[in-house]
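Protein sequence lines correspond, in order, to chains A and B. Its first residue numbered 1, the first sequence is counted upward by one per residue in the numbering used here. Its first residue numbered 1, the second sequence is counted upward by one per residue in the numbering used here.
Keep in mind the hints are simulated off the structure, nothing from the lab. Treat the hints with care, since some could be wrong.
Some, not all, of what chain A presents toward chain B, calculated at C-beta under 8 Å [unchecked claim]:
| no. | residue |
| --- | --- |
| 1 | Gly26 |
| 2 | Gly90 |
| 3 | Asp224 |
| 4 | Gly323 |
| 5 | Ala326 |
| 6 | Gly330 |
| 7 | Gln331 |
| 8 | Asp336 |
| 9 | Leu340 |
| 10 | Lys344 |
| 11 | Leu348 |
| 12 | Gln353 |
Computed far set for chain A versus chain B, every beta-carbon distance over 10 Å [said to hold, decoys possible]:
| no. | residue |
| --- | --- |
| 13 | Phe9 |
| 14 | Ser48 |
| 15 | Thr83 |
| 16 | Trp84 |
| 17 | Arg137 |
| 18 | Ala166 |
| 19 | Leu186 |
| 20 | Pro245 |
| 21 | Glu333 |
| 22 | Lys356 |
| 23 | Pro360 |
| 24 | Phe408 |
| 25 | Ala424 |
| 26 | Lys430 |
Here a beta-carbon is modelled for each residue, glycine too, at the ideal position from N, C-alpha and C.
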Amino acid sequence: MSTSQTAAFVRKDMLPPKDPPTSQAGLVKWLRENLFASWLNTVLTLASLFVIYLLVTHFYPWFRHSVWNANSIAECRTAIAATWGEGATGACWAMLRERWHQFIFGFYPPELYWRPIAVFLGLLLAVAPVLFTQLPRQMLLFSLTYPLLAIWLLWGGSAWPVIMIAAGFGIGYLALRILGDISAILAVVVAIVAPVLFWLFAVGPLDEVLTKVIPLAIEPVASDRFGGFLLAITIGAGGIALSLPLGIILALGRQSNMFLIKSFSVMFIEFIRGVPLITLLFVASLLLNYFLPPGTNFDIILRVMILVTMFAAAYIAEVIRGGLAALPRGQYEAADALGLDYWKAQRLIILPQALKISIPGIVSTFIGMFKDTTLVTFVGLFDPLKGIPDFIRADFNWKGIYWEPFVFVGAIFFILNFSMSRYAMYLERKLKRDHR
Amino acid sequence: MTEPHFERDIDRSHMQVSDEVAIQIENMNKWYGQFHVLRDINLTVNRGERIVIAGPSGSGKSTMIRCINRLEEHQSGKIIVDGTELTSDLKNIDKVRSEVGMVFQHFNLFPHLTILENCTLAPIWVRKIPKKEAEETAMYFLEKVKIPDQALKYPGQLSGGQQQRVAIARSLCMKPRIMLFDEPTSALDPEMIKEVLDTMIELAEEGMTMLCVTHEMGFAQAVANRVIFMDQGQIVEQNNPHDFFNNPQSERTKLFLSQILGH
Ligand SMILES: Nc1ncnc2c1ncn2[C@@H]1O[C@H](COP(=O)(O)OP(=O)(O)OP(=O)(O)O)[C@@H](O)[C@H]1O
Ligand SMILES: [Mg+2]
Chain A
1 MSTSQTAAFV RKDMLPPKDP PTSQAGLVKW LRENLFASWL NTVLTLASLF VIYLLVTHFY
61 PWFRHSVWNA NSIAECRTAI AATWGEGATG ACWAMLRERW HQFIFGFYPP ELYWRPIAVF
121 LGLLLAVAPV LFTQLPRQML LFSLTYPLLA IWLLWGGSAW PVIMIAAGFG IGYLALRILG
181 DISAILAVVV AIVAPVLFWL FAVGPLDEVL TKVIPLAIEP VASDRFGGFL LAITIGAGGI
241 ALSLPLGIIL ALGRQSNMFL IKSFSVMFIE FIRGVPLITL LFVASLLLNY FLPPGTNFDI
301 ILRVMILVTM FAAAYIAEVI RGGLAALPRG QYEAADALGL DYWKAQRLII LPQALKISIP
361 GIVSTFIGMF KDTTLVTFVG LFDPLKGIPD FIRADFNWKG IYWEPFVFVG AIFFILNFSM
421 SRYAMYLERK LKRDHR
Chain B
1 MTEPHFERDI DRSHMQVSDE VAIQIENMNK WYGQFHVLRD INLTVNRGER IVIAGPSGSG
61 KSTMIRCINR LEEHQSGKII VDGTELTSDL KNIDKVRSEV GMVFQHFNLF PHLTILENCT
121 LAPIWVRKIP KKEAEETAMY FLEKVKIPDQ ALKYPGQLSG GQQQRVAIAR SLCMKPRIML
181 FDEPTSALDP EMIKEVLDTM IELAEEGMTM LCVTHEMGFA QAVANRVIFM DQGQIVEQNN
241 PHDFFNNPQS ERTKLFLSQI LGH
């Protein structure tokens, strides 16, 4: 028998699997691949380690020297000098012990703190079914009523105006339901006009009568008592909730075949995006007063919220437009061919897919907007980053405190924004799993 | 051109063509800007007819059948589908679209919905059929196209042939009276082409009115009762399949046939 080149080969016993060699597994492998893969990689790793070392050695003592019990910054400094020697620096968290409630609630009356707390817990409850579709759908009913409930609890006063606003929405909904079968356009027009007329003309007199009969009121809290994270979250959450639908409408408007709607959307988006937010905030605080009839008391927080919403909506509209453009034409054609009308096609086919593509961009916009709420400091509101700390520094005891508020407020912003970003990643993964 | 072989005999008992007119196109013209894509199209399709439309690329085949359900708008002439004239009146367009099913070259399933949801969406939202009933109908048609076990999967998890059969089932769920096919098999691998054609043949056997743009000449010979040849936006020739293939009249048709049949 000789072995020729074309000898047939048959394996008799199969090879059992073996462990990889140690240099190919575990920590060693990871280090080699990720930190020391090449000489350039090694240099960068060492340089990074050095930077980390510098940062830690600089900041660690400041945290380590923290003082929690003191009544003024002077006491803090004495305590630090006593323990760590003359010239040592340290964080004076004692300020937070005394003033944390102002960072959270601003100047909201302390005996009424339960109201914003209830509103915040309610927010979690209202948002949960929107974020997690596994939860029972009935919870969405609460989410729908929540905004008005929150407004009433936060600002207090008579419950009737808030109930009237709800009634207006109810009227609009009824109009849609009843007229929807007759003519879609008529239904939409009536559903918009009827509630507006109701709010403009019927609410005033009705409110007077009802308040006389059943005075349903809690103690009012004026807008200038809002501040800190209460203010930031109120504006931020309101802005997020309102800017998404507005952004969707603008994005659809920009794609529309109807010339007027298209031009209006384009002008709105381009104008808002071309102007700094601070300009818009000044418009909210100063200019709107010129346009509104004299004597109208249009709440400053509401005004700011409207402009922040418009600002975010313009960005979201562009993000969603990208998502819409990414959908193949075939999706529109299939929807048309099946006889779905424009709105149904948008709602059932186009938007679910376009929004899914747009999630990262939308969440970035939300995060940006939430951070931008600190700019309201320029129109005299007490935002947590500058308004409140400046107010605290005005107190002689805390004059000169600088880094602590930034660190504290920054940390809270980070936690909130990081959660948003994590949720967005969860959602993306989930949708990807669903649609494969 | 490989011609798929249809082993079984085709049951022609329900394939009668009635006198009733399903689609009537009169002197229809269409332009894309300055470009005259469809020129003076005249075509009458009776109920139960199975028409195959062939022609070189760019001859306007897709544009013509897309005019029938108003995916494209024509600029002059008349299109009457099932007694409803297509004008800019949205009511008429919706009515025609819910009577006419369409199957596309690239399936165009909705990737974010399951197969079952793809099939029930239009019946529920356009026809306002209760969900449960719509699901029963959907399962009936999915069974017909032989993929009931895939109902809960998403389109991305199916093969091309399966997706196209779902697309056919999705159209059928609207109980259309007319079906349009725009090159339903040209994005598919050869072995999948046959499963889709088989589904279409079954549909023909049940007497569905069908307009089908395709290059599958075997299919045309097996089920069509008329073949239409288009070139440069015009109907150049139409005839029964036997005469169309064996005795083409125009030079263009002869040239086209020699290219497509490849010998
Ligand atoms: N939206 C459009 N705008 C401008 N021209 C178009 C448009 N759609 C199609 N055309 C042109 O119209 C002509 C007919 O196109 P159509 O898609 O109907 O051809 P077809 O016969 O279906 O070709 P194929 O076999 O390649 O699908 C082509 O020349 C094409 O370039
Ligand atoms: Mg085509």
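Verification of the supplied hints:
Because the closest C-beta pair between Gly26 (chain A) and chain B is about 36 Å apart, greater than 8 Å, the hint is violated. This hint is violated: Gly90 (chain A) has a C-beta 55 Å from the nearest C-beta of chain B, more than the 8 Å allowed. For the restraint placing Asp224 (chain A) at the interface with chain B, the shortest Cβ-Cβ distance is roughly 47 Å, beyond the 8 Å limit, so the hint is violated. The criterion of a C-beta within 8 Å of any C-beta in chain B is not met by Gly323 (chain A), whose closest approach is roughly 12 Å, and the hint is violated.
The closest approach between the C-beta of Ala326 (chain A) and any C-beta of chain B is roughly 12 Å, which is over the 8 Å cut-off, so the hint fails. Hint status for Gly330 (chain A) relative to chain B: holds, with the closest Cβ pair at about 4 Å, below 8 Å. The criterion of a C-beta within 8 Å of any C-beta in chain B is met by Gln331 (chain A), whose closest approach is roughly 6 Å, and the hint holds. Restraint check, Asp336 (chain A) versus chain B: the minimum CB separation of about 6 Å is within 8 Å; hint holds.
Checking Leu340 (chain A) against chain B: minimum C-beta separation of about 6 Å stays under 8 Å; hint holds. Given the 8 Å rule on beta carbons, the hint for Lys344 (chain A) holds: about 5 Å separates it from the nearest Cβ of chain B. A hinted interface residue such as Leu348 (chain A) counts as satisfied when its beta carbon comes closer than 8 Å to some beta carbon of chain B; here the least separation is about 6 Å, so the hint holds. Interface hint status for Gln353 (chain A): upheld, as the beta-carbon distance to the closest one in chain B is roughly 5 Å, under 8 Å.
Listed as a non-interface residue, Phe9 (chain A) keeps its Cβ farther than 10 Å from every Cβ of chain B; the least gap is roughly 33 Å. For Ser48 (chain A), the shortest C-beta to C-beta distance to chain B comes to about 41 Å, beyond the 10 Å cut-off, and the non-interface label holds. Taking the minimum C-beta to C-beta distance to chain B, about 61 Å, the non-interface status of Thr83 (chain A) holds against the 10 Å cut. Under the 10 Å C-beta cut-off, the non-interface status given to Trp84 (chain A) relative to chain B holds; the minimum distance is some 60 Å.
Here Arg137 (chain A) stays apart from chain B, with its beta-carbon at least about 15 Å from theirs, past the 10 Å limit. No Cβ of chain B approaches the Cβ of Ala166 (chain A) within 10 Å, the least distance being about 28 Å, so the stated non-interface status holds. For Leu186 (chain A), the non-interface assignment is confirmed: its Cβ lies about 14 Å from the closest Cβ of chain B, beyond the 10 Å cut-off. Residue-level check passed: Pro245 (chain A) sits 20 Å from the nearest beta carbon of chain B, beyond 10 Å.
Once the 10 Å rule is applied to beta carbons, Glu333 (chain A) is inconsistent with being away from chain B; the minimum gap is 6 Å. A beta-carbon of chain B is positioned within 10 Å of the beta-carbon of Lys356 (chain A); the least distance is around 7 Å. Look at Pro360 (chain A): its CB is around 17 Å from the nearest CB on chain B, clear of 10 Å, so calling it non-interface holds up. Against the 10 Å criterion, Phe408 (chain A) stays outside the reach of chain B, whose nearest CB is about 42 Å from its own CB.
Annotated as non-interface, Ala424 (chain A) keeps its C-beta farther than 10 Å from every C-beta of chain B; the closest such distance is 17 Å. Against the 10 Å criterion, Lys430 (chain A) stays outside the reach of chain B, whose nearest CB is about 12 Å from its own CB.
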